[in-house]
Structure formats: structure tokens, C-alpha cells
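What follows is each chain in one-letter form.
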Amino acid sequence: AQTVTQSQPEMSVQEAETVTLSCTYDTSESDYYLFWYKQPPSRQMILVIRQEAYKQQNATENRFSVNFQKAAKSFSLKISDSQLGDAAMYFCAYYGGATNKLIFGTGTLLAVQP
Amino acid sequence: DAGITQSPRHKVTETGTPVTLRCHQTENHRYMYWYRQDPGHGLRLIHYSYGVKDTDKGEVSDGYSVSRSKTEDFLLTLESATSSQTSVYFCAIRSGRESRETQYFGPGTRLLVL
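Listed in order, the protein sequences are those of chains L and W. Using my numbering, you'd call the opening residue of the first sequence number 1 and step up by one each time. Using my numbering, you'd call the opening residue of the second sequence number 1 and step up by one each time.
Fair warning: there could be bad hints in the mix.
Subject to a maximum C-alpha distance of 20 angstroms in a straight line, what follows is the list of computed SDA-like cross-link-like pairs (lysine to any residue) [as the list claims (entries may be wrong)]:
| no. | chain 1 | residue 1 | chain 2 | residue 2 |
| --- | --- | --- | --- | --- |
| 1 | W | LYS57 | L | GLY96 |
| 2 | W | LYS11 | W | LYS70 |
| 3 | W | LYS57 | L | ALA1 |
| 4 | L | LYS101 | W | THR20 |
| 5 | L | LYS101 | W | SER95 |
| 6 | W | LYS11 | L | ASN100 |
| 7 | L | LYS101 | W | THR102 |
| 8 | L | LYS101 | W | TYR50 |
| 9 | L | LYS101 | W | GLY58 |
| 10 | W | LYS57 | L | GLN2 |
| 11 | L | LYS101 | W | VAL52 |
| 12 | L | LYS70 | L | GLN44 |
| 13 | W | LYS57 | L | ASN100 |
| 14 | L | LYS101 | W | ARG68 |
| 15 | W | LYS11 | L | GLN44 |
| 16 | L | LYS101 | W | SER65 |
| 17 | W | LYS57 | W | GLN85 |
| 18 | L | LYS78 | L | ALA1 |
| 19 | W | LYS70 | W | THR20 |
| 20 | L | LYS101 | W | THR55 |
| 21 | L | LYS101 | W | GLU14 |
| 22 | L | LYS101 | W | ASP56 |
| 23 | L | LYS70 | W | GLU101 |
| 24 | L | LYS101 | W | LYS57 |
| 25 | L | LYS55 | L | SER30 |
| 26 | W | LYS53 | L | ASN100 |
| 27 | L | LYS101 | W | SER83 |
| 28 | L | LYS101 | W | ASP54 |
| 29 | L | LYS101 | W | LYS11 |
Estimated spans, in silico, between C-beta atoms of each pair [what the hints assert, rightly or not]:
| no. | chain 1 | residue 1 | chain 2 | residue 2 | range |
| --- | --- | --- | --- | --- | --- |
| 30 | L | GLN2 | W | PRO39 | 17 to 23 angstroms |
| 31 | W | SER69 | L | SER42 | 29 to 35 angstroms |
| 32 | L | PHE64 | W | GLU14 | 39 to 45 angstroms |
Hints listed in this document are in silico derivations from the structure and should not be mistaken for laboratory results. Since this is a predicted model, take the numbers as computed values, not measurements. From the three backbone atoms N, C-alpha and C, an ideal C-beta is built for every residue, glycine too.
Generate coordinates for the entire structure from the input sequences, incorporating the hints supplied.
Here is the structure:
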């Protein structure tokens with residue numbers, strides 16, 4: 001069965017600094033997708049970034065980028081120039097073509113210090 | 001915004017009573033999902049639907065049933081609510097566009113079972 005592990009329950013970063021959130025996953029599938037979702041205090045789940053496993057190039061969305069290491073089954077999220085509005089719970093998620101289901105990690109709570 | 005609404009947004013009920021949560025979407029998406037979110041578990045799939053009257057179980061389906069009589073509505077029913085079903089419930093749709101494996105979430109329903 002596929003699993004997603006986020007080993008950092010909480011992280012903290014200074015405003016304007018860079019922070020990296022870690023995620024590892026386990027799968028035997030070759031066709032899959034990886035996601036980072038942000039959940040601010042409003043509880044809304046917001047898609048931050050997605051990565052197709054067949055693409056070697058790391059995805060980027062403005063200040064957010066990923067480091068996708070397929071062989072190591074690692075998918076970390078880098079937030080550059082951190083802002084107060086980045087404070088939230090961040091979830092890593094896996095979607096497999098065979099399982100047709102989205103599997104979430106347990107989340108990392110990010111605090112941004114002014 | 002994927003045009004997803006959930007009702008009610010908050011509900012308090014007593015053990016043993018039936019509860020129905022509604023998810024409504026306006027963009028004619030085929031796939032709809034119900035998740036629950038609990039501390040330490042991330043989001044876990046309860047049930048999902050791949051068309052009108054077509055549904056399947058997720059990893060935590062015990063105690064829940066679903067129905068989908070119209071494309072736009074996906075109902076989650078707790079036949080006899082228990083305190084272990086106190087949680088935040090999220091509905092999601094799967095995009096039908098080029099990023100068809102990507103899920104977008106509703107605002108959530110907070111349910112408290114006393």
C-alpha cells in the first residue's frame with residue numbers, strides 16, 4: 001500500500017527567510033502525482049503545487065518550489081522569501097494512477113516569525 | 001475556487017442521531033469525494049463517487065453511507081452518529097481538465113457528536 005510520511009510535525013521560519021518541508025512516500029507504481037496543499041487557520045485546503053512523476057524537472061509556483069527525488073521517493077517543498085501569510089498546516093499528498101485515490105501525510109505546521 | 005459548497009458548515013448533534021452532510025458543485029465534475037480530518041491523521045478518504053449512483057468505499061467507510069442522485073450533489077450520511085465521528089469533513093472534486101488527477105476541496109464541515 002502507498003504511504004506518505006511527513007516527519008516534521010512543526011517548523012518555524014523567520015519572515016523573508018527560506019524554509020524546506022520534507023515529505024517521503026512509498027509506492028510500487030510508476031505513474032503517479034505528488035501534491036502540496038496548504039491549510040491556513042480558515043481550514044480551507046488550498047493546492048500549492050503539483051508534480052508529475054514522469055517529469056524530471058522540479059515544479060515551481062512563484063515562491064514555492066519542490067525538490068523531487070524519484071529514486072529516493074522524496075518530495076520536499078521549499079518556500080522562499082517567507083511571508084506571514086504562509087503560516088499554515090502543509091500536507092503532502094500522493095495520487096496513484098492504479099489506486100485512483102489521494103493519500104495524505106499527517107501534515108507540518110509552519111509558523112512564520114516577524 | 002472550484003465551485004464547491006458544503007452544508008451545514010457547523011453542526012452539533014447527539015450520539016445515536018442521524019446526520020446528513022451535503023456537498024454541492026456547480027461545474028459538472030464526475031468525481032466527488034468525502035474525507036475526514038483528525039489530528040495526527042491528515043485527511044482520510046471515507047467514500048467517493050465516479051458518477052450518478054456510482055460510489056465506492058474509502059479507507060474509513062464504516063458507519064458512513066453516501067448517495068449521489070444528481071451530478072451536482074454528493075451526500076454523506078451518518079446513520080447513527082457516534083462520538084468517534086466528531087471530525088472535520090471535507091468534500092472534494094477531481095478536476096476534469098488537463099490536471100484531471102488534481103483534487104479541489106470545499107470549505108469543510110465541523111461536526112461535533114456529544
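Each hint tested on the structure:
1. A hinted pair counts as satisfied when its Cα atoms are at most 20 angstroms apart, and LYS57 (chain W) with GLY96 (chain L) qualifies at roughly 17 angstroms.
2. Of the supplied pair hints, the one linking LYS11 (chain W) and LYS70 (chain W) is violated, its CA atoms being roughly 24 angstroms apart against a limit of 20 angstroms.
3. For the proposed pair LYS57 (chain W) and ALA1 (chain L), the alpha carbon gap of about 16 angstroms is at most 20 angstroms, so the pair holds.
4. Distance hint between LYS101 (chain L) and THR20 (chain W) is unfulfilled; the C-alpha atoms sit about 23 angstroms from each other, more than 20 angstroms.
5. Among the hinted pairs, LYS101 (chain L) with SER95 (chain W) is consistent with the structure: their alpha-carbon atoms are about 13 angstroms apart, no more than 20 angstroms.
6. Of the pairs offered as hints, the one joining LYS11 (chain W) and ASN100 (chain L) is violated, with about 31 angstroms between alpha carbons and a cut-off of 20 angstroms exceeded.
7. For the proposed pair LYS101 (chain L) and THR102 (chain W), the alpha carbon gap of about 10 angstroms is at most 20 angstroms, so the pair holds.
8. Restraint check for LYS101 (chain L) and TYR50 (chain W): satisfied, since their Cα atoms lie roughly 12 angstroms apart, inside the 20 angstroms limit.
9. Using a Cα cut-off of 20 angstroms, the hinted pair LYS101 (chain L) and GLY58 (chain W) holds, with the two alpha carbons roughly 9 angstroms apart.
10. Of the supplied pair hints, the one linking LYS57 (chain W) and GLN2 (chain L) holds, its CA atoms being roughly 17 angstroms apart against a limit of 20 angstroms.
11. Pair hint LYS101 (chain L) plus VAL52 (chain W) holds up; C-alpha atoms about 19 angstroms apart against a cutoff of 20 angstroms.
12. Our distance criterion of 20 angstroms between C-alpha atoms is broken by LYS70 (chain L) and GLN44 (chain L), whose separation comes to about 29 angstroms.
13. A distance of roughly 12 angstroms separates the Cα atoms of LYS57 (chain W) and ASN100 (chain L); the hinted pair therefore holds under the 20 angstroms criterion.
14. For the proposed pair LYS101 (chain L) and ARG68 (chain W), the alpha carbon gap of about 19 angstroms is at most 20 angstroms, so the pair holds.
15. A hinted pair counts as satisfied when its Cα atoms are at most 20 angstroms apart, and LYS11 (chain W) with GLN44 (chain L) qualifies at roughly 17 angstroms.
16. Restraint check: the Cα-Cα separation between LYS101 (chain L) and SER65 (chain W) comes to about 18 angstroms, which is no more than 20 angstroms; the hinted pair holds.
17. Straight-line distance between C-alpha atoms of LYS57 (chain W) and GLN85 (chain W) comes to about 16 angstroms, which keeps the hinted pair within the 20 angstroms bound.
18. Between LYS78 (chain L) and ALA1 (chain L) the CA atoms are separated by roughly 27 angstroms; this puts the pair beyond 20 angstroms, and the hint is violated.
19. Distance check on the hinted pair: LYS70 (chain W) and THR20 (chain W) sit about 16 angstroms apart at the alpha-carbon level, within 20 angstroms; holds.
20. Pair hint LYS101 (chain L) plus THR55 (chain W) holds up; C-alpha atoms about 13 angstroms apart against a cutoff of 20 angstroms.
21. Taking the CA atoms of LYS101 (chain L) and GLU14 (chain W), the gap is near 32 angstroms; set against the 20 angstroms cutoff, the hint is violated.
22. Distance check on the hinted pair: LYS101 (chain L) and ASP56 (chain W) sit about 11 angstroms apart at the alpha-carbon level, within 20 angstroms; holds.
23. Proximity of LYS70 (chain L) to GLU101 (chain W) is assessed by CA-CA distance (about 19 angstroms); at most 20 angstroms being required, the pair is judged to hold.
24. For the hint linking LYS101 (chain L) to LYS57 (chain W), the alpha-carbon distance of about 11 angstroms falls within 20 angstroms, and the restraint holds.
25. Restraint check: the Cα-Cα separation between LYS55 (chain L) and SER30 (chain L) comes to about 12 angstroms, which is no more than 20 angstroms; the hinted pair holds.
26. Distance restraint check for LYS53 (chain W) and ASN100 (chain L): the Cα-Cα separation of roughly 18 angstroms lies within the 20 angstroms cut-off, and the hinted pair is therefore satisfied.
27. Distance restraint check for LYS101 (chain L) and SER83 (chain W): the Cα-Cα separation of roughly 27 angstroms exceeds the 20 angstroms cut-off, and the hinted pair is therefore not satisfied.
28. The hinted pair formed by LYS101 (chain L) and ASP54 (chain W) meets the criterion: a straight-line CA distance of about 16 angstroms does not exceed 20 angstroms.
29. This hinted pair does not check out: LYS101 (chain L) and LYS11 (chain W) have alpha carbons roughly 28 angstroms apart, beyond 20 angstroms.
30. Our hint of 17 to 23 angstroms for GLN2 (chain L) and PRO39 (chain W) holds, since their Cβ atoms are close to 22 angstroms apart.
31. For the hinted restraint 29 to 35 angstroms between SER69 (chain W) and SER42 (chain L), the CB-CB distance of approximately 31 angstroms keeps it satisfied.
32. Take PHE64 (chain L) and GLU14 (chain W): their Cβ atoms lie about 43 angstroms apart, and the range 39 to 45 angstroms holds.
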